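Please model the complete structure; the sequences and the hints are all you need to start from.
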Amino acid sequence: MTEEQGGPTLQPTLSEWLKAREETARHLAAGTPPVNGKWVQRLADLLATERSWQDQYTDLVALGSADGQFPSSNR
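Our numbering applies: residue 2 is where the sequence shown begins, and numbers increase by one.
Treat the hints as calculated values from the structure; they're not laboratory data. Remember, it's a predicted structure, so these values are computed and weren't measured experimentally.
Derived pair list, reagent style SDA-like, types lysine to any residue, alpha-carbon separation capped at 20 angstroms:
| # | residue 1 | residue 2 |
| --- | --- | --- |
| 1 | K20 | Q57 |
| 2 | K20 | Q42 |
| 3 | K39 | H28 |
| 4 | K20 | A31 |
| 5 | K20 | G32 |
| 6 | K20 | E51 |
| 7 | K39 | R27 |
Label pairs and their calculated CB-CB ranges:
| # | residue 1 | residue 2 | range |
| --- | --- | --- | --- |
| 8 | W40 | G69 | 37 to 43 angstroms |
| 9 | N37 | S73 | 33 to 39 angstroms |
| 10 | L64 | L19 | 18 to 24 angstroms |
| 11 | E17 | S74 | 19 to 25 angstroms |
| 12 | L29 | T59 | 21 to 27 angstroms |
| 13 | A30 | A63 | 28 to 34 angstroms |
| 14 | Q42 | V62 | 26 to 32 angstroms |
| 15 | D60 | W40 | 26 to 32 angstroms |
| 16 | P72 | P35 | 37 to 43 angstroms |
| 17 | G65 | W40 | 35 to 41 angstroms |
| 18 | G38 | P9 | 35 to 41 angstroms |
Using N, Cα and C, we set each Cβ at its ideal position, and we do this for glycine too.
See the structure below:
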């Protein structure tokens, strides 16, 4: 769906989700045992942000499906 059609666009949400994933990956790569509470809290915050963007993206994708639901995984 495009903005010209009057609906939300997927690209900005996808970009932010991928950006959040990259930031999480960088944080994980920088963590060397033993990790401290501050490191763990930052990881928890990053994962929550990443999940939020993922949920928003899947909700937008679901708008294009026949029943408005994102399909469950076959895995």
